[in-house]
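**Q** Residue strings, one per chain:
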Amino acid sequence: MTSDATGNGSLLPGAGQWMYRFVEELYPICRSITGEGTRETLRRIATQVPIDIHEVPSGTPAFDWTVPREWNIRDAYVKNLAGQRVIDFNKSNLHVLNYSAPFRGMVPLEVLREHLFTLPEKPDWIPYRTSYYKENWGFCVSQRQADSLRDREYEVCIDADLKDGSLTYGEYLVPGSTDQEVLLSCHICHPSLCNDNLSGIALTTWLATHLREMKPRQSYRFLFLPGTIGAIVWLSRNEKIASKIRHGLVVACVGDSGIPTYKKSRRGNAEIDRAVLLALRTRGSEYSVREFTPYGYDERQYCSPGFDLPVGSLTRTPHGGYPEYHTSADNLDLVRPAYLADSLSIYMDVIEILESNSTYVSLCQKCEPQLGKRGIYRALGGHPDAGKVEMALLWVLNMSDGKNSLLDIAERSNLAYKEIYQAIKLLVQHDLLKKS
Amino acid sequence: MTSDATGNGSLLPGAGQWMYRFVEELYPICRSITGEGTRETLRRIATQVPIDIHEVPSGTPAFDWTVPREWNIRDAYVKNLAGQRVIDFNKSNLHVLNYSAPFRGMVPLEVLREHLFTLPEKPDWIPYRTSYYKENWGFCVSQRQADSLRDREYEVCIDADLKDGSLTYGEYLVPGSTDQEVLLSCHICHPSLCNDNLSGIALTTWLATHLREMKPRQSYRFLFLPGTIGAIVWLSRNEKIASKIRHGLVVACVGDSGIPTYKKSRRGNAEIDRAVLLALRTRGSEYSVREFTPYGYDERQYCSPGFDLPVGSLTRTPHGGYPEYHTSADNLDLVRPAYLADSLSIYMDVIEILESNSTYVSLCQKCEPQLGKRGIYRALGGHPDAGKVEMALLWVLNMSDGKNSLLDIAERSNLAYKEIYQAIKLLVQHDLLKKS
Amino acid sequence: MTSDATGNGSLLPGAGQWMYRFVEELYPICRSITGEGTRETLRRIATQVPIDIHEVPSGTPAFDWTVPREWNIRDAYVKNLAGQRVIDFNKSNLHVLNYSAPFRGMVPLEVLREHLFTLPEKPDWIPYRTSYYKENWGFCVSQRQADSLRDREYEVCIDADLKDGSLTYGEYLVPGSTDQEVLLSCHICHPSLCNDNLSGIALTTWLATHLREMKPRQSYRFLFLPGTIGAIVWLSRNEKIASKIRHGLVVACVGDSGIPTYKKSRRGNAEIDRAVLLALRTRGSEYSVREFTPYGYDERQYCSPGFDLPVGSLTRTPHGGYPEYHTSADNLDLVRPAYLADSLSIYMDVIEILESNSTYVSLCQKCEPQLGKRGIYRALGGHPDAGKVEMALLWVLNMSDGKNSLLDIAERSNLAYKEIYQAIKLLVQHDLLKKS
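Residue numbers (my numbering), protein chains in the order written: chain G, 182 to 617; chain P, 182 to 617; chain L, 182 to 617.
Calculated directly from the structure, the hints in this document are not laboratory data.
Where hints are given, some of them may not hold.
The list makes no distinction among identical chains, and a pair is therefore deemed to hold if it is satisfied within one copy or across any two copies.
What the hints assert, rightly or not - Listed next, the in silico DSSO-like pairs over lysine-lysine satisfying Cα-Cα at most 30 Å (straight line):
#	residue 1	residue 2
1	Lys425	Lys584
2	Lys425	Lys303
3	Lys260	Lys315
4	Lys616	Lys396
5	Lys260	Lys344
6	Lys554	Lys421
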């Protein structure tokens with residue numbers, strides 16, 4: 182990454198709006214873990230950044246799993262005896278139990294009720310439910326809708342296919358000057374839900390588009406995958422590449438109003454964990470940090486013991502933590518351009534750290550060098566405090582014994598990473614420091 | 182231990198009552214570090230569980246110590262000039278300074294006072310005092326009793342022997358399938374004091390009786406010893422056995438209303454320390470943890486630097502921590518069956534952990550295994566939280582890389598040990614896990 | 182150090198008064214990093230303790246630095262058009278920018294203002310400012326003085342020399358029975374400022390005077406140096422000696438009313454850090470601890486990565502932390518004999534620890550030895566607590582496995598160092614302990 186790129190401010194104007202418009206564009210599509218909706222979503226991403234779209238046939242084994250059949254849906258409804266659609270897929274694709282088996286027939290109300298899913302505590306919201314690994318059919322409806330059903334029986338139609346086909350995912354590599362990799366992974370299998378995870382798709386797409394321009398030191402691998410099965414399939418096909426991953430983040434829920442939240446990798450103190458914490462601490466605004474748990478998004482797979490990759494997850498309100506989570510209320514109102522932009526700026530700060538973190542060695546380790554004669558220390562003495570620039574210079578010189586990286590110095594000094602980074606550059610210019 | 186035994190609930194009904202009745206039975210006996218009272222106490226224990234009763238002759242060396250003479254007392258009193266017993270051993274064996282030298286004679290009041298021990302701040306209570314290692318005679322009385330003495334002189338009689346004989350202790354081994362040992366040790370030298378330590382004797386006896394039935398993995402060694410000298414004698418005669426002790430607890434003060442309290446071993450982070458802390462944390466009620474100090478009960482000897490055994494002490498209110506401690510108020514009212522039963526249940530929880538703690542290895546370390554197809558993961562997806570059972574399964578799978586024991590997993594996941602243990606059993610059944 | 186010396190109370194009466202009088206004596210002298218004022222200060226110290234006074238010629242290289250020219254000043258003033266001295270060096274040597282270049286001439290007010298330094302927020306105080314490494318002339322005045330200047334132009338005179346000469350520092354070694362060294366270093370370059378650092382000079386001089394009498398185990402090296410350049414020059418000439426320094430303290434700001442404050446060495450957990458913390462904790466009164474930063478006094482140089490010496494700084498209110506810092510208000514009123522004496526007593530407690538800290542081995546590691554038969558444990562048993570003396574004995578015996586020093590034992594037991602030290606001596610007397 183060139184040093185200009187690390188001043189990432191100039192890249193951001195308009196980014197929030199751009200991401201929000203991309204969320205809007207993808208919102209109507211009915212996605213699932215397989216099928217045309219997911220494929221169409223990848224095609225739209227491909228209009229922005231030339232991702233590779235992989236198709237993996239149904240039945241392909243992937244560790245303990247098997248690639249499932251492809252699900253495609255054309256229409257779905259429940260009609261009352263008067264022939265009116267009282268539940269209609271065209272009004273919201275959440276109405277169909279995601280990955281539902283096809284079904285047609287007249288169904289008594291009491292049987293229909295066994296196939297309806299509601300959220301009694303939020304009577305106007307449609308829940309998002311799935312049945313990927315147990316064949317079932319069903320509808321998700323608001324509690325009010327469910328309560329209004331009075332007819333003896335209903336005509337049910339789920340005009341869908343569940344057939345051999347393929348699982349589809351997208352992949353894109355921005356090559357760096359080394360083959361060490363940074364993984365950025367997002368799940369693309371949710372239908373019309375904005376924060377979870379069109380926000381993550383939009384942010385990841387933006388990063389993929391712009392990292393190309395930055396000539397990074399490390400290679401950046403972007404994955405657009407159906408959740409769980411997608412990550413498992415990718416890992417099963419790319420074990421060798423996985424071993425090159427030095428840092429990774431799972432990108433999700435980055436568009437809501439909640440405070441930035443970081444869930445640590447299984448390792449707990451990996452460089453990615455420290456880099457994100459430093460980026461968050463330096464911002465000066467509220468944030469939250471959670472220990473690793475083996476539940477959540479695809480960090481579950483990346484952090485499985487056989488891989489144990491240093492992959493955390495940087496979200497706003499995390500998985501399951503907001504009332505609108507997995508309901509029809511996770512819509513275009515929940516996500517805002519400003520929150521997307523704010524999340525992006527944290528990702529950029531983290532990337533700046535990952536790109537520039539190195540260990541330098543002071544060329545003047547015995548006592549301080551005389552900074553004054555080089556014009557980089559204020560001439561007038563006697564002030565009670567050193568200036569901020571001077572403090573960063575002194576910290577870098579004092580810690581640069583060859584054992585401490587920029588990250589170490591920023592952590593110990595409690596200064597911002599950027600301040601340490603500026604000091605490093607200044608000292609290198611004055612031949613007082615060199616890369617270790 | 183069979184897996185049924187780890188659900189120890191079924192063993193406990195009636196246990197509190199049983200232990201309380203045993204305390205009642207032993208209460209009247211006048212014990213000391215040697216002598217018939219202690220021997221009689223061991224005989225009563227032997228009616229419950231076939232302990233070996235060892236006799237070690239006076240004069241036998243034990244490290245820096247020597248087995249003292251045997252003390253036996255028949256009667257003791259102080260009579261006033263009217264011939265009335267104003268202090269009477271028959272009313273309370275605490276009245277005699279424990280291990281007091283024999284004495285007979287008329288004694289002026291001012292001399293008698295030098296041999297009286299009182300508790301001015303608790304004027305109705307008799308203190309418990311001893312003089313094991315400096316020959317002395319004396320009486321312990323309430324302050325009111327002492328204050329009421331007005332005669333010029335008194336007839337004093339301590340009809341006791343202090344002669345060569347032996348020190349007596351009890352020992353019982355429940356052999357396990359390995360020769361690694363768990364030590365459970367209690368002191369038996371206190372006269373009529375209930376919580377300290379008839380409660381400990383009763384609880385230890387109950388455990389000795391019932392562990393026989395459990396076919397434990399480890400061997401359990403039960404010691405019923407006079408405090409300090411008994412532990413020193415046992416260690417001096419059993420250095421080789423001591424080296425097989427993997428975990429140990431000193432059992433004392435387990436019948437009062439105080440909160441459970443754990444005093445850590447000298448090591449501070451031994452498996453016994455972690456197991457007790459986990460058992461206490463999981464209960465959800467209040468408890469207290471103290472760092473090791475070289476004062477207290479026989480953990481002082483087990484944790485001396487030449488042994489440094491992983492032995493802690495699990496009490497309710499600890500050593501010296503309640504007003505009735507070492508007074509006549511440590512009586513049958515201070516101890517209650519419910520507190521004894523509650524203490525026992527913690528000991529059983531700890532034993533469950535010590536018995537079952539092992540390291541397992543996941544047979545599916547690369548990504549999660551597909552639990553759904555095995556029917557051990559809920560079929561309907563989309564809920565904000567995993568269920569509790571699912572979380573335990575995921576934690577076990579994620580942590581079972583061969584480096585983490587059940588205890589490690591329970592600590593990191595913050596789940597109860599039993600939940601982790603259930604998950605382990607379920608995963609072993611499904612061939613997803615095996616013992617490391 | 183003889184064991185009597187460790188009860189240091191007897192050395193202190195009068196010490197506060199003595200130090201205060203020495204501060205008074207040195208107060209009027211105009212010091213700088215070089216020159217006669219500094220030389221005269223060292224001569225006064227030499228009347229108390231036979232320090233070596235070293236002269237290092239201007240131009241001598243010292244790592245990245247060069248010994249500067251010698252600065253000597255005879256007079257300095259600013260006269261108004263009426264010929265009155267409106268700024269007068271004779272009234273306060275702070276009025277001249279320290280190390281100011283010589284200057285003479287008529288100067289328009291607007292030019293003069295560029296050479297005046299004030300403290301607007303403290304309008305009656307004269308600031309202390311320096312210009313060592315950039316040639317400049319100037320005056321430091323109160324804001325009120327600056328505001329009162331109304332004439333069109335002023336006559337300026339700084340009758341000073343800035344010529345090749347030498348840098349002067351003082352050094353004194355109290356040899357111990359080993360050649361391991363303890364460094365006590367203070368800066369001597371500030372003009373009429375009492376707390377910073379005549380207080381440090383006085384305390385260091387007192388210690389140098391009295392440590393001679395104590396026959397210490399370690400050698401004590403006392404340095405009286407101009408700040409920064411003096412420490413750098415000393416280190417550049419004494420690299421081999423520096424490698425023998427086991428502990429060190431920079432002595433400064435020890436006479437004000439603030440609470441004792443310790444700034445840790447770069448290592449953070451060196452023996453000196455632990456010793457000072459223990460001494461402070463044991464006193465029972467308020468104190469403050471700060472992590473190392475590469476700003477402050479000469480610990481900056483001693484803790485530079487090429488040396489990384491275990492040198493902290495023990496002050497009262499630290500560097501820059503009080504309003505009077507580096508102003509004319511750091512005068513004889515700010516420093517008090519009682520604060521100097523209190524600081525000294527902490528230094529003496531630290532020295533006691535450094536002198537006596539050792540590792541002992543118990544000669545009775547298997548179980549406790551029987552202290553009672555040696556008459557060093559109370560005879561009457563049954564008390565709820567051990568006595569304080571008994572606890573110290575038990576802690577020492579329990580921890581003395583050859584791995585724990587006195588400092589380790591004091592830290593773990595939470596007892597005072599002196600209590601542990603007394604227990605050590607008693608156990609050595611009874612042949613229960615020997616030096617490791």
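**Q** Confirm or reject each hint.
**A** Each hint, compared with the structure:
1. Lys425 / Lys584: So Lys425 and Lys584 pass the 30 Å test inside a copy (23 Å) and across (23 Å) alike.
2. Lys425 / Lys303: neither (45 Å within a copy, 61 Å between copies)
3. Lys260 / Lys315: within (25 Å within a copy, 90 Å between copies)
4. Lys616 / Lys396: This pair counts as within: shortest intra-copy Cα distance 19 Å, inter-copy 48 Å.
5. Lys260 / Lys344: Answer is within; shortest intra-copy Cα gap is 26 Å, inter-copy 101 Å.
6. Lys554 / Lys421: between (52 Å within a copy, 28 Å between copies)
Hint compliance for this structure: hint 2 is the single one not met.
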